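There are 4 protein chains.
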Amino acid sequence: MNFASDNAYGALPDILARLVEANNGAAASYGLDDITTRLSRRFAEIFEHEVFVYPVVTGTAANALALATLVPPYGAVLCHGESHIACDECGAPEFFSHGARLVTLEGADAKLEPQSVERALSRFEKGSVHQQQPTAISITQATERGTIYSQNDIAALSAVAHRRGLKLHMDGARFANALVTLGVSPADASWRAGVDVLSFGATKNGALAAEAVLFFNRADVADIEFRRKRAGHLLSKMRFVSAQLDAYLEGDRWLTAARSANALAQKMATGLASVDGAILAHPVDANAVFLHLPDQTIARLRAAGAAFHDWAPSENGKTLIRLVLSFATPPEAVDRFLALARG
Amino acid sequence: MNFASDNAYGALPDILARLVEANNGAAASYGLDDITTRLSRRFAEIFEHEVFVYPVVTGTAANALALATLVPPYGAVLCHGESHIACDECGAPEFFSHGARLVTLEGADAKLEPQSVERALSRFEKGSVHQQQPTAISITQATERGTIYSQNDIAALSAVAHRRGLKLHMDGARFANALVTLGVSPADASWRAGVDVLSFGATKNGALAAEAVLFFNRADVADIEFRRKRAGHLLSKMRFVSAQLDAYLEGDRWLTAARSANALAQKMATGLASVDGAILAHPVDANAVFLHLPDQTIARLRAAGAAFHDWAPSENGKTLIRLVLSFATPPEAVDRFLALARG
Amino acid sequence: MNFASDNAYGALPDILARLVEANNGAAASYGLDDITTRLSRRFAEIFEHEVFVYPVVTGTAANALALATLVPPYGAVLCHGESHIACDECGAPEFFSHGARLVTLEGADAKLEPQSVERALSRFEKGSVHQQQPTAISITQATERGTIYSQNDIAALSAVAHRRGLKLHMDGARFANALVTLGVSPADASWRAGVDVLSFGATKNGALAAEAVLFFNRADVADIEFRRKRAGHLLSKMRFVSAQLDAYLEGDRWLTAARSANALAQKMATGLASVDGAILAHPVDANAVFLHLPDQTIARLRAAGAAFHDWAPSENGKTLIRLVLSFATPPEAVDRFLALARG
Amino acid sequence: MNFASDNAYGALPDILARLVEANNGAAASYGLDDITTRLSRRFAEIFEHEVFVYPVVTGTAANALALATLVPPYGAVLCHGESHIACDECGAPEFFSHGARLVTLEGADAKLEPQSVERALSRFEKGSVHQQQPTAISITQATERGTIYSQNDIAALSAVAHRRGLKLHMDGARFANALVTLGVSPADASWRAGVDVLSFGATKNGALAAEAVLFFNRADVADIEFRRKRAGHLLSKMRFVSAQLDAYLEGDRWLTAARSANALAQKMATGLASVDGAILAHPVDANAVFLHLPDQTIARLRAAGAAFHDWAPSENGKTLIRLVLSFATPPEAVDRFLALARG
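Chains as they are written, first to last, in my numbering: chain A, 48 to 390; chain B, 48 to 390; chain C, 48 to 390; chain D, 48 to 390.
Isolated chain A (complex conformation) (with noise of 0.2 Å):
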């Protein structure tokens, strides 16, 4: 019964089964192999649009190079108070992007508002030399809260950037998961509603260790080559990793292996709704549920052996706990979840 986060869990069988034919002679080093260039039209294909890829093995790097990229040391990057980038990632962006800073809004379910994002903006005087310079607007898409941006929502945002001269970076780790919940095709879901680049996740949904930074745009490209190497993340056997995402992307794997996920996170949400107590925080629209669960029912849950996150200290006797749902999860896992919340 581990809830904890789709990282608990491993690959997709398929993605291995691919390393081990990747595993075939010599093939140039760096990227230059033929997977990789494959990889590319591959996303060229999915994402109707000409796209620059840059595959690493974590988000995190992900969204540092992607940011670092497109915001200069003096620069900000307006993003949510709950994002990864500000909360989980050890200042990773700053550390890339050599200390531009990252200004953080509220905004409910996660997600940063077109109108608080306007008022933080009109705060900046832009070209003063006193003030950091905002630079890039990031969004994290499904959001840290297991919600997600309509196309409009994403279009309102990405207009408040451009209309600046602001970039739109959007932080996909759970790209997959918000996809099939919009249903709407991967190109409508970035490029066409104005991500200018989109940190591309696969490792949450059946990859080892496989990300790609996906520009949509050539001139924003700029220097993420050099900084990536820089950055020790330009692996020499690259063809492991673009093994992995062009597995995940061939045949849809990376749609199916998200629907199951979400619709284990529906089966959740459905069945808490007849546990004592169990109030959803947020509406699910992925693979994770927020719900307030009395105390009680989580000791009685995590001694029956179930591991999940507290997401906020217990009040009133009830805390905010976090429950991620993965492609890998057992189904009988959150039957027996179920059963043992209702006591």
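Calculated directly from the structure, the hints in this document are not laboratory data.
What you are looking at is a predicted structure, and each value in this text was computed from that prediction instead of being measured.
Mixed in with the good hints there might be a few duds.
With a cut-off of at most 30 Å between alpha-carbon atoms, the simulated DSS-like pairs for lysine-lysine come out as follows [said to hold, decoys possible]: (1) C/365 x A/173; (2) B/365 x D/173; (3) B/173 x D/365; (4) C/365 x C/314; (5) D/314 x D/365; (6) A/365 x A/314; (7) B/365 x B/314; (8) C/314 x A/365.
FRET-style restraints, in silico, Cβ to Cβ [claimed, not checked]: (9) A/265 x D/212: 17 to 27 Å; (10) D/175 x B/93: 46 to 56 Å; (11) A/81 x D/212: 29 to 39 Å.
Sample of chain A residues lacking proximity to chain C, with all beta carbon distances greater than 12 Å (derived) [as the list claims (entries may be wrong)]: (12) 91; (13) 176; (14) 179; (15) 313.
We put the beta carbon where it would ideally sit given N, CA and C, even for glycine.
Given chain A, put chains B, C and D in place with the hints provided.
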């Protein structure tokens, strides 16, 4: 006939098999899993010493993290002018250390010499705020020219380092290849000879992407965990990196692979003795062969499909080339290369 | 009628005279001169404590060097959302610290409150590699809104800081202005209340360009000398900075100047009581007056040549403005401003 | 008898007088004042070219800001192994540029030679992500050995630089001393010979603390204003720095001072011809004299109170020493030094 690099070849099948085994249910993420714990124990046994182990996916990351942990931003690292950290990492040591300086020295066979290190150090005034302060010496084992430091060589350099309060770092991207030639224990080749921190390489010798920073003294570990996370090098599904290293070390698999590669290098070197105009440039101590070869011969080899790197511009009709042998290089490739070279 | 800033005014004539005196023959460079040595003694006497003194030429340099010395790259500094370090230094703290984060908090009158600091700190998990680690709290005395922290206020904040192993930094760009209002000794207003490091300002209160980082504990000094040099802030002819500070401190010149400025602020505040529609926004504790004024009055004042800054956009026909008084502001300017304001 | 450095001496009295004049009422801060504006015009006239002027207080800041503006973090700067940026700034170029590398070259008389620059550049592969990319060449005029580059020397180096798309930076801490020897116009000695950015020094030659970064092409200015602010080098009361530079330039005061210093150096060099065992190590082109002197003579001089620096360890009973002459060095000090040296 690919002799371009050992990273052009893939992974040991047993390592891939271990990935499949590791793909089993849920596990704690970010290195708190059982495989990573076991790996630390295994390293301690093999090195007969307490070892603090930080797995990462590239040698560049291992080197840069190791050095940044040892050296302040106003520090300096003495290294050979041909070292990987100086020539092939796009300034990763500077990036991770926030601007420490690499002081590059000459030395035959790509090896640092104690006297030249002493001489270089004498040009720095300890505590003078006007100068970056030397705080580490970094050597590569096996070197970038396929030679190795003897135990005495290392001991002499570590004596210089320690006498002045500097740390000794070893870039062991090809540590296994050096070790099997030295014929001593891993302990003798590292901490017993005075190495403080070792970048332990596995990628070139059979892993997909797995290296580890090994500290032999607890005090040197300092804040590497924050630095690794911040650099995007703490993998969420760490078990898949640790599994590679664990399989690599198990049953002397690493030494067996290195012996194969080195044996092929010997076979190549021996065979070259009867090639017209071929002159070895350095002792062949590990898995690389550096030789001067007539440009005509080189052209013939390349026309026949041989892949290898020039190591200097052509001079007097000859060029210095590098041939790297891997555990996975087909022995027939060596035979064919030699036959072609003989004309 | 220039109320734009205290840095719009020049220097105390006695300080200029001291520069001429200091211009006498040869002297050791880089701070090894007699004036700098004497300055350190003088600071120690005035603060009744061992003090480690590092003169620089800007408040931004003083703050950024102080913080970078206290805080690692993966550290965080808690400060007010309106603090100079957060709003007016273009990210100097991030630059000098190599990417530490400023965690900005709200608080009335531009003052940090112990409870909100506690609350913010409780959101960080000590030792978790996923989060930047709070290592310092920074407060401004007098604040950016012309208010001051009482001795108790400071003691309460330092207690919070020290209980968790954090350091307390004080941005004292207007330390003198606060001190004369507090009516306590420099020691009481700093280390006795728990301040670990003080950015001691003199520029705004009569120097040409002279500030000093003061450490009250030897251990905190760490490597600031290297950092200062490396940032281009170790002046070769340091005696000319030290001479300014020495003259500033001598004979209570600094306190006299601050008293003049504060008295003018009181005169202004008192006079504003009889100005239609003028409403003070904050207590006038030092040398700045923040008030809401009808936009019509503001227009009239500016048309007549008064210089001052808006501090927020106009709302309901009124705007929040800031008036800063200097020791060198002509008292008649205040009279004239008030007369014009009365219409 | 202080020959330790030109920065051991104070300021030109006229420059101090100008500070007193500048201390007049209120003025716009942060460089928006009239004196700073006038200074820019004056530089443009003197250099017969559009000039973008950024005053700072140290040569280290000027050099590091200039280089950081020209060179990305993954860039490299070619410079002489004895250059101030490489030897005396504690890594300021690395700090400001976020880790760019200094590639140090040999060269007689502390001068870079076009051929060795070409050779060094040929070792870099343009666009290869594995190597830091050379983007600037930096030379010092007058050099750290008191020699100077002729106009042709500079033109040859700038040709090498520009042919490969690199910029040419000149560290002109002693630009005036070189200029009066060259006997050409400031324009001929800088942009007409291909210098793109000049660190224009005044401190060593009569200012208290005043240098300026001069750009001759608007495009090169890039973001230096943000970088200067962020480094704490934008002074609030900038008029006091600009006033120094303005007085320095006015009425050829800078050239007069440099001529005095150089003349004293000639006097010293000439006098040394009749000192037993004294051998000049380099041409005396500016205001520094490098000579080998018997250790016995050195001891005698120091015992009598002469101050100067050894420039290398003693060898065969002689030591290389440096004598620096300033506009403010009393001529009698030279006489006395020579008399003592003669024994």
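Would you check the hint for residue 365 of chain C and residue 173 of chain A, treating anything up to 30 Å between C-alpha atoms as holding? 24 Å, holds
Status of residue 179 of chain A, Cβ more than 12 Å from any chain C Cβ: 5 Å, violated
If we take the beta carbon of residue 91 of chain A, is the closest beta carbon in chain C still more than 12 Å away? 34 Å, holds
Check the following: the C-beta atoms of residue 175 of chain D and residue 93 of chain B are separated by a distance inside 46 to 56 Å. For residue 175 of chain D and residue 93 of chain B the Cβ distance comes to about 36 Å; the hint is violated.
For the pair supplied as a hint, residue 365 of chain B and residue 314 of chain B, confirm whether the alpha-carbon distance does not exceed 30 Å. 22 Å, holds
Run the distance test for residue 365 of chain B versus residue 173 of chain D: straight-line Cα separation, threshold 30 Å. Cα-Cα ~24 Å, so holds.
I want to verify a distance hint. Is the separation of the beta carbons of residue 81 of chain A and residue 212 of chain D within 29 to 39 Å? Holds, since residue 81 of chain A and residue 212 of chain D (Cβ atoms, about 33 Å apart) stay within the stated range.
Pair hint residue 314 of chain D and residue 365 of chain D, alpha-carbon separation not exceeding 30 Å: With Cα atoms ~22 Å apart, residue 314 of chain D and residue 365 of chain D stay inside 30 Å; holds.
Satisfaction of hint between residue 365 of chain D and residue 173 of chain B, Cα-Cα up to 30 Å: Answer holds: residue 173 of chain B to residue 365 of chain D is near 24 Å, not above 30 Å.
What's the verdict on residue 365 of chain A and residue 314 of chain A, does the C-alpha distance respect the 30 Å limit or exceed it? 22 Å, holds
Tell me if the straight-line CA distance from residue 365 of chain C to residue 314 of chain C falls inside 30 Å. 22 Å, holds
Pair hint residue 314 of chain C and residue 365 of chain A, alpha-carbon separation not exceeding 30 Å: 56 Å, violated
Violated hints for the displayed structure, listed by number in ascending order: 8, 10, 13 and 14.
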